[in-house]
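Top to bottom, those sequences are chains A and B. For the first sequence, my numbering assigns the number 1 to the initial residue and increments by one for each residue that follows. For the second sequence, my numbering assigns the number 512 to the initial residue and increments by one for each residue that follows.
These aren't lab readings, by the way, just hints derived from the structure by calculation. Heads up, a few of these hints could be off.
[What the hints assert, rightly or not] Going by beta-carbon spacing under 10 Å, a handful of chain B positions derived as facing chain A:
#  : residue
1  : I549
2  : K551
3  : F729
4  : R859
5  : I861
6  : L978
7  : P979
8  : I998
9  : L1127
10 : Y1138
Ideal placement from N, C-alpha and C gives every residue a C-beta, glycine not left out.
In case you want the letters, here they are:
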Amino acid sequence: MSNTDQETLAVTQSRRPPFYRDATVLKWLAQVAALALVLFALIFMAGQAGSNLQAKDIATGYDFLGVSLGSDLGSGIDTNPDTSGRALWVGMVNTIRVSIGGILLASVLGVVVGVGRLSSNWLVKRSCSVYVETLRNIPLLVQIILIFAVIASLPRVAIDQGPIHGWLHISNKGVSIPRVHIGDGFYQWLIFLLIGAAVGLWVKRRRSQRHDVIGRDTYPVASFVAVVAAFALAGWFAHPIFGWVGGIFDFIASVLDALTQQLVQLLISAAAAAAAVLWIRRFLARHRTPAGRTKLSDDDYFRVIFAGLAAVLAVLFVTVGWPGFSSWIINSGRDLFEVLGDKFGDGRTGQPIDAKRPDIEQLGNFPNYGPAGLNLTQGLAAVYFGVVLYTAAFIAEIVRAGIQAVPKGQTEAAQALGLRRLTMLRRVILPQALRVILPPLGNQYLNLTKNTSLALAIGYTDLVQVGQTVYNQTGKTLEVVSIWMLFYLACSLTISVVVNFFNVRLKIVER
Amino acid sequence: MADTRAAAETAERGGAEDAQAVEALPPEQPGLPPSEWIRKNLFSSPFNSVLTVAFGLLALLIVRGLLNFTFSEERNWDAVRTNLRLIFTHAYPEEQYSRIWVCVGTIAVLAGLSVGLAAAETARRGVSVRKLSSSLVAMGATVALGVVLREPSALTDIEGRVRRDDSGIMRESFAEAMTDRWAWWLAAAVLASAGAALWFGFGDERRRETYVRPVELFMVGSAVLVLSGWIYPWGHYAFADGEFIAEPGRTVAMSTKLPWTVIWLLLAAAIAAGRSMRRAGAGPNFTLALNLCWLACPFVLYWVVLRDPDLDWGRVLSVDIPLGVLFAALGGAVLWLLTDQRIGELGRIIATLLMGVAVLNWVAGFFGWYPMLQKVRLSFLLVALAALVAHNFAGERSKRLRLLAVWVALMAVFHYMATLMNSPSTVETPTEALIGGFSVTLIVASFTLLFSFPLGVMLALARTSRLPIFRVMSTSFIEVVRGVPLITILLFFAVMLQLFLPDGMSISLIAAATLGYTLFSAAYLAENVRGGLQSIRRGQYEASDAVGLTAMQRTLFIVLPQALRVSIPPLVGQVIATFKETSLLAVIGAFDLLRMANNVIPSQTQFLGVKREGLLFVCLVYWVFAYAMSKHSQRLEKRLGVGER
Chain A
1 MSNTDQETLA
11 VTQSRRPPFY
21 RDATVLKWLA
31 QVAALALVLF
41 ALIFMAGQAG
51 SNLQAKDIAT
61 GYDFLGVSLG
71 SDLGSGIDTN
81 PDTSGRALWV
91 GMVNTIRVSI
101 GGILLASVLG
111 VVVGVGRLSS
121 NWLVKRSCSV
131 YVETLRNIPL
141 LVQIILIFAV
151 IASLPRVAID
161 QGPIHGWLHI
171 SNKGVSIPRV
181 HIGDGFYQWL
191 IFLLIGAAVG
201 LWVKRRRSQR
211 HDVIGRDTYP
221 VASFVAVVAA
231 FALAGWFAHP
241 IFGWVGGIFD
251 FIASVLDALT
261 QQLVQLLISA
271 AAAAAAVLWI
281 RRFLARHRTP
291 AGRTKLSDDD
301 YFRVIFAGLA
311 AVLAVLFVTV
321 GWPGFSSWII
331 NSGRDLFEVL
341 GDKFGDGRTG
351 QPIDAKRPDI
361 EQLGNFPNYG
371 PAGLNLTQGL
381 AAVYFGVVLY
391 TAAFIAEIVR
401 AGIQAVPKGQ
411 TEAAQALGLR
421 RLTMLRRVIL
431 PQALRVILPP
441 LGNQYLNLTK
451 NTSLALAIGY
461 TDLVQVGQTV
471 YNQTGKTLEV
481 VSIWMLFYLA
491 CSLTISVVVN
501 FFNVRLKIVE
511 R
Chain B
512 MADTRAAAET
522 AERGGAEDAQ
532 AVEALPPEQP
542 GLPPSEWIRK
552 NLFSSPFNSV
562 LTVAFGLLAL
572 LIVRGLLNFT
582 FSEERNWDAV
592 RTNLRLIFTH
602 AYPEEQYSRI
612 WVCVGTIAVL
622 AGLSVGLAAA
632 ETARRGVSVR
642 KLSSSLVAMG
652 ATVALGVVLR
662 EPSALTDIEG
672 RVRRDDSGIM
682 RESFAEAMTD
692 RWAWWLAAAV
702 LASAGAALWF
712 GFGDERRRET
722 YVRPVELFMV
732 GSAVLVLSGW
742 IYPWGHYAFA
752 DGEFIAEPGR
762 TVAMSTKLPW
772 TVIWLLLAAA
782 IAAGRSMRRA
792 GAGPNFTLAL
802 NLCWLACPFV
812 LYWVVLRDPD
822 LDWGRVLSVD
832 IPLGVLFAAL
842 GGAVLWLLTD
852 QRIGELGRII
862 ATLLMGVAVL
872 NWVAGFFGWY
882 PMLQKVRLSF
892 LLVALAALVA
902 HNFAGERSKR
912 LRLLAVWVAL
922 MAVFHYMATL
932 MNSPSTVETP
942 TEALIGGFSV
952 TLIVASFTLL
962 FSFPLGVMLA
972 LARTSRLPIF
982 RVMSTSFIEV
992 VRGVPLITIL
1002 LFFAVMLQLF
1012 LPDGMSISLI
1022 AAATLGYTLF
1032 SAAYLAENVR
1042 GGLQSIRRGQ
1052 YEASDAVGLT
1062 AMQRTLFIVL
1072 PQALRVSIPP
1082 LVGQVIATFK
1092 ETSLLAVIGA
1102 FDLLRMANNV
1112 IPSQTQFLGV
1122 KREGLLFVCL
1132 VYWVFAYAMS
1142 KHSQRLEKRL
1152 GVGER
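Sequences and hints are given; from them, build the entire structure.
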């Protein structure tokens, strides 16, 4: 390269381009302009909405949550809520119940169908593909409405009252199955189970060590299960001997009750200060090498200062910011232990677990299922079976793809080792397939949760349906929509956090 | 729309790929003798035998239940047959029905051309005659099995009601039932003998080598369906004096056998035309034109054919045409000037000034400084946008001329459509919406896809860009929309959108719903496209930088084509999902086919409470379309070999 060329290059590099050609300036200009545009549009529309609402004489705000709703809900933990807020809460609980139950059943069904699609049995393979191809290609809403219509056309509940001689009762009122519920002595029995689990774990570890020594199978898992089962069986009859545990909780409750607000404030402040001091000491210790302390960067100083500041803030919060916090802690702690004391209390000698069969009672003009069985009302049954069957079809496809993603060599190697088919599936294929399966599976769980909102179409009182009732009566559409969004975003976040947790644990450990 | 894009994709890819795909096809396995096959596939081990018996019983039970339900004398399938018109088009006036047939015909011709152009020339493609004949025999056997499985029919009185006695419904004896169902036996026999004829008609050698293309199978099947319309009055029913007859008179539904026959002929002709064009070597230009037709099809069919706008010719001649010409000329001049390679700095200044004017127009509109037609504002914006990106297309004279032609065409279409949309419709319907039923499902789905595709691509580009504000805005939009159920978004748009609009502006329910669908679907599409974008290796970016392409050129010509190709399978999945999601229209109060079956038909006096029949029919309609699309996407995936590279 000649001299002049280098000079030109140097000159071009040193001279900044004019601002209207400067890439950095232009990029930021474009971004700020886009942001301003979006903000402008949002503000404009918010202003429009405000004036439109004013013209219709609708005030905005969340006061309606405390006002009576004035109508009953079909099903839920509280069918006659006193306020709109309570009604929305009932809706949320219904949504969560359907989602969790749906996720459990859909996973089981999906895995069965997905494995079935890869079966060597032609009939099983075909049945499973027909299931998947049929349900996947029909909109969920149509399925839910169809199931609802089918349930509504079933025979009526018989007039004769009392317990039903059967395990399952299906009628136009929905589905009723036996309900397992916690009996009187359940908590004392739980102590037996806990002790059994501890002993079982110890036995299991011993058996594994023995396995390593002698080389023959010592059945560690089977012995663990056996020990726990033995304790459970013994506890079934002997659980009253733990009646004294309730007394301990009662004692803790009375100690908590005796505490004063100042004392708790002092304790919390001391704990905060101690935590800060300990953290700073550990932090500094980590920076100490045999050659002396390493130099702290600006960030490190900032961290130390921040730790101290956090402690000061915590102390200020409990003493000045919200003095009632301490007594709130005392009260709730006391209540908790009183409840525990009551649950574990003496004189509870009934069966730990009890089950009741469905019954029919006639309160008003029409007979209906009584409270003994586990009742799925028409709407609940339609939504539940709708989302379960539909999501299971998608889960089946994910499971199939995951299993097919495991290299064929793995199967062949397992067969060469002489593993049985079930062992191979459990020990070799599924663990590897799970890595592929888990992320899309999480997506399906999310979809299922969101799809329960289709309950609106058949009037099952989930959050969206209750929300619609509320805004039809109060006109607070924006507020209700904001509650919907927050709730569903929180659900999405929770599910993705849980799935991510397992995803990280399952990942191949790489260097 | 799936078929549009898929067909476009297939059409673009020439014969070389076909040859490749053929080579990749495994040879067909020689068949096992039946006893061997059963032993190997059904009873290979004790566990398998148990499974076979269990699943066989379960399957038989389910099939029997479905058959008993479907063919029960208590079912009122007339509710569906009489209401076919309602289910498909709702209240669209009967005397204007020819418009709907024009739409169906247009789509048939376009589809035929696309399919014909894409059809493989090579012989070994599709279903072998061997397989075809065995599945025909199997179908015949299935029909026969169904006839035997179904419980004997119930006895009915003269008015068609089911007779009951103390023990329940009175039924005929098994032997009577079997002889009564002679038509079904005949059908089974016809199917089985057709299969047998195919099997023995083709000699051993040819049987293995003869393949039937899916298109031909489809044409034969649809021909049978269309011909059946001439024999059996599917939807041709009337009520006369409260009695229900399959006769002319004041028909509730109307006969569609003639239009369907014409459309079948059109489709066949279009396929033939497409094939002969392919043989004649129709170039990519023709494919491009066809794809543009597909793109314009929803707009033209809805706004021009179905709506039949009433044009005010005085205004058209004095305002609309001059405006269109003016913008075509103005934009053309600007483009011609700015694509000159020597213009340099001046070009940017002009483009910025134009953008300033365009933005000023909107701001002025907001504050009411001076009046201006909305389409003038939009045209100005288009001119400014074209000016901003013009320098990417700078080149020699012929290239610039072509760009100019594209611009003039764009302006012509834009002004034409704007004029039509602003004219009132001459088709009068008793309902608020022009059309309902399955048509509205198709309309909403196709407009949703048309609008959400560019939006989704832009969101994906913003999410993967290095510009932080764009990235944050796009990410938060996508995550919020994806975290929320569709129904809440639709309810929000259906109930609340009116509140956010300026005074004097209103939006119909269907339009608001389409907007909601578009935003929702765009967020999901963006994630699919992002997957494609992330699959592109760094080398591609570096190479295009090394060649000296601008960021816009790199994105348009290097990155996006590759990214979109990778994301075609999930995009088709999204198309199917959108199609299924349109059923939610029923919940927000639009009259789509689900609402017809769930609310409208059960409230007719003749069919009070008849719900399940209509719902099953709706299931069938959705299933046929979604299943066809998903099968097509699977073939496409295999063909593109996305999973294998």
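Quick rundown of the hints versus the structure:
1. I549: holds (9 Å)
2. K551: Since the shortest Cβ distance to chain A is 9 Å, the answer is holds.
3. F729: This interface hint is violated because 18 Å lies over the 10 Å limit.
4. R859: holds (7 Å)
5. I861: violated (12 Å)
6. L978: holds (5 Å)
7. P979: holds (7 Å)
8. I998: holds (5 Å)
9. L1127: holds (7 Å)
10. Y1138: Result: holds, 5 Å to nearest chain A Cβ.
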